[in-house]
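Student: Heads up: the protein sequence lines correspond to chains U and C, in order. Per the working numbering: the first sequence = residues 33 to 376. Per the working numbering: the second sequence = residues 33 to 376.
Each hint should be verified, as a subset may be incorrect.
Covered by chain C, per the in silico footprint, the following chain U stretches (three or more residues, Cβ under 8 Å) [stated by the list, open to error]: (1) 280-291; (2) 312-325; (3) 329-335.
By construction, these hints were calculated from the structure, which means they are not laboratory data. Every residue, glycine too, gets a C-beta built ideally from N, C-alpha and C.
Number of protein chains: 2
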Amino acid sequence: MAIRKPTQQSVARTLSAEEYAEGILSGNRVRLSQAITLIESTIADHRRLAEEIIERCIPHAGRSIRLGITGIPGVGKSTFIEALGLYVIKQHQRQLAVLAVDPSSSRTHGSILGDKVRMSELARQDNAYIRPSPSAGSLGGVARKTRESILLCEAAGFDTIFVETVGVGQSETAVHSMVDCFLLLMIAGAGDELQGIKRGIMEMADIVAINKADGENQERARRAANEYSQALHLYPTPDSGWQPEVLTCSALNSTDIDSVWDRVLAHYEHMQARNLFSAHRREQARHWLRQSLQDDLWQDFLQHPEIATRYPELEQRVLRGEMNSFAAARQLLEAYTGKRPPAR
Amino acid sequence: MAIRKPTQQSVARTLSAEEYAEGILSGNRVRLSQAITLIESTIADHRRLAEEIIERCIPHAGRSIRLGITGIPGVGKSTFIEALGLYVIKQHQRQLAVLAVDPSSSRTHGSILGDKVRMSELARQDNAYIRPSPSAGSLGGVARKTRESILLCEAAGFDTIFVETVGVGQSETAVHSMVDCFLLLMIAGAGDELQGIKRGIMEMADIVAINKADGENQERARRAANEYSQALHLYPTPDSGWQPEVLTCSALNSTDIDSVWDRVLAHYEHMQARNLFSAHRREQARHWLRQSLQDDLWQDFLQHPEIATRYPELEQRVLRGEMNSFAAARQLLEAYTGKRPPAR
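Just chain U, with the same shape it has in the complex:
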């Protein structure tokens, strides 16, 4: 099939939601890419078309394992994703989609956009589909688009979804709430301290993998794995009863990549055995509904003409200690709703 490069204009005029959906459901990568482009578009008509496509695809979504992968720059994330991706494709005959959440993607040095080059062997696989992060916008917007893209990828037949984040900022929480399993990739540091990783991320991890366990670094990686494992055991077990473990691996040499995937499968089995897998996804759906509503409400509020001017003014007065923040909030809410807010 001749692959026609999609442009926003040609996409808007060419097909109906029905046709995009049919293409996606039959595994047509071009249609999938076009539909994700519609999701990412800022044009209102494109967004509405995207929604109709998603509505049609949703009954066919969900049949996958969704793995979040995070780690700061320098831990070898691209190499790791490629090694793990090639492994699941070749050794487990899986269909893999690799997505990313990076709200700063237009500014990131060595951005995920360049990963198609850095994961070139993976990108060449028939059973792999790699999509860079939606470009910069609010984190809420980028996360939403990524989550919708997951649904389309699943409808297109991908049974394994990796969602990558860059390991700094707030993206990790968003990704954690759209995947089944969250993996933190690290390396052994000089003093075995997590320089740069945001606090709270380690506690989110279901699996911790210490990468670059090769050559002279093997011993150091093993020691780091022991220390972090002990640290993790001091922390409360998640409600699911799953105990996060720390593995070592070498993505460069493809060593112990199979062990990593074994852990992912073990986590999946653990959740399924306790009837937690679907329950977890339902809770995530409930969360995203609430999150979308709150995001949309907030945006509508901020864009209200009177709020746009008065919010910064009142915020300054609050910061200078001249005004109680709750009184300022009350004034602004009255301006937005046009009525006296209820006393709470």
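Starting from the structure of chain U, add chain C where the hints point.
Tutor: Frame of chain U, contents of chain C only:
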């Protein structure tokens, strides 16, 4: 002065905001209690009066150290608060107010309400003021009322504020964002595992204290302190550069309570030296303004007649996998704002 027991009715008819504020600023505990009762009231007129009082008191607030104290039931929190409170009052001539955030306060077994009995020696001190948590409501509401109460206590001359939480649920995050320093109280467990403490709380702590380091338990407490200290060192240092340490103490025997307060002061000095103390409080004020707005917007949204019926319906459809959560959000937002939401 004869202490007249305040009732909501007498409070509303008796004094003006000016009179309450004057009373508070001159250190009148009765007026302070009455004003806090107004803050906690659900009657709209009381809330407005409370706001005026707060406006008058705000210029006189802020001159204190605010310490958050959390720990699960059983770690000896009341005994600890009493020991630390008596220490700062007697040895450091401080004026102490003890507040609490416990949204489930009407249902808590051995509730904080009973603490005035359990902290009876502290409650008897002239320089101590103990107030139970505002009664059950949303966490946002309880947190807001407690934060406003902090401001009034400071205006009344209290230079030391303890805010207690019960160590489970979401209260810790709220309290963390209204105090200068956050202390986690624990005891050495059988297997040295944090049973029951919510994940994420340890990373919030500026100080960790292992209580009940007395008698036969001393050795176990010291070992636990070492293990947790090592674990904490594996975690990234907060942006402030402050390294949380783990102490042991015995609130029952008042052993090493002075060391705990030394740490609180050291943290205060650390923040002041880096010009972070005021900056931190300003960020908290900015956060509370934003949080109030979002809370109020959300409540207004939920109470919209059409939303009240359609939200549960659409949520069920989303949970059953019949509908995309973002499409559901869009429909509900249209119903609330009466207009088509912008595409994002």
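Student: Taking beta carbons only, do three or more residues of the stretch 280-291 of chain U come closer than 8 Å to chain C?
Tutor: violated (count 0)
Student: Three or more residues of the stretch 312-325 of chain U near chain C by CB distance under 8 Å?
Tutor: With 7 residues closer than 8 Å to chain C, the stretch 312-325 of chain U meets the three-residue bar; holds.
Student: Check, residue by residue, whether the stretch 329-335 of chain U contains three or more positions whose beta-carbon lies closer than 8 Å to a beta-carbon of chain C, and give the verdict.
Tutor: With 6 residues closer than 8 Å to chain C, the stretch 329-335 of chain U meets the three-residue bar; holds.
Comparing the model with each earlier hint shows a violation of hint 1 alone; every other hint is respected.
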